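Trainee: Sequence:
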Amino acid sequence: MLAQPSWAPPAWVFGPVWTVLYVLMGVAAWLVWRTRPPVPASALTAYGIQLVLNALWTPLFFGLGWRGAALAEIAVLWIALLVTIALFWVRSRAAAVLLLPYLVWTTFAACLNFAVWQLNTAAV
Numbered sequence: 067m068l069a070q071p072s073w074a075p076p077a078w079v080f081g082p083v084w085t086v087l088y089v090l091m092g093v094a095a096w097l098v099w100r101t102r103p104p105v106p107a108s109a110l111t112a113y114g115i116q117l118v119l120n121a122l123w124t125p126l127f128f129g130l131g132w133r134g135a136a137l138a139e140i141a142v143l144w145i146a147l148l149v150t151i152a153l154f155w156v157r158s159r160a161a162a163v164l165l166l167p168y169l170v171w172t173t174f175a176a177c178l179n180f181a182v183w184q185l186n187t188a189a190v
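In terms of my numbering, the sequence shown opens at residue 67 and continues consecutively.
Hint data in this document are derived by calculation from the structure and do not stem from the laboratory.
None of the values given here were measured: they were computed from a predicted structure.
Label-pair distances were calculated between CB atoms; the ranges are:
#	residue 1	residue 2	range
1	76	186	15 to 25 Å
2	78	101	34 to 44 Å
3	186	99	37 to 47 Å
4	173	78	17 to 27 Å
5	163	69	34 to 44 Å
Idealized CB from N, CA, C, for every residue including glycine.
Please build the complete structure, drawing on both the sequences and the hints.
Mentor: Okay, here's the thing in structure tokens:
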């Protein structure tokens with residue numbers, strides 16, 4: 067069992083939060099995709115990159131137990147998400163705003179990742 071900081075949310079919170087975030091992400095991507103003239107590939111490429119980075123975090127953190135690597139990876143994800151938001155802003159401000167809760171949650175997740183890494187590194 068991983069040691070958790072006192073401010074970590076209960077496990078049941080993560081499923082509903084991610085469900086809402088994925089819906090917002092999908093709507094944001096759809097808003098950008100449907101803009102005219104056709105969206106430059108860079109916006110949707112950045113979106114795809116951050117999706118891949120999002121998917122990589124779970125196996126790093128939980129599967130392999132590489133908390134430090136997961137922290138570095140989530141930092142790269144955070145930057146990719148900022149780039150995505152900036153590129154979406156040019157095409158659809160609504161789409162960019164829809165990604166802001168995801169950015170906030172990713173920031174929180176990075177803080178939680180750091181805390182768990184520190185708590186469990188000290189315990190080893």
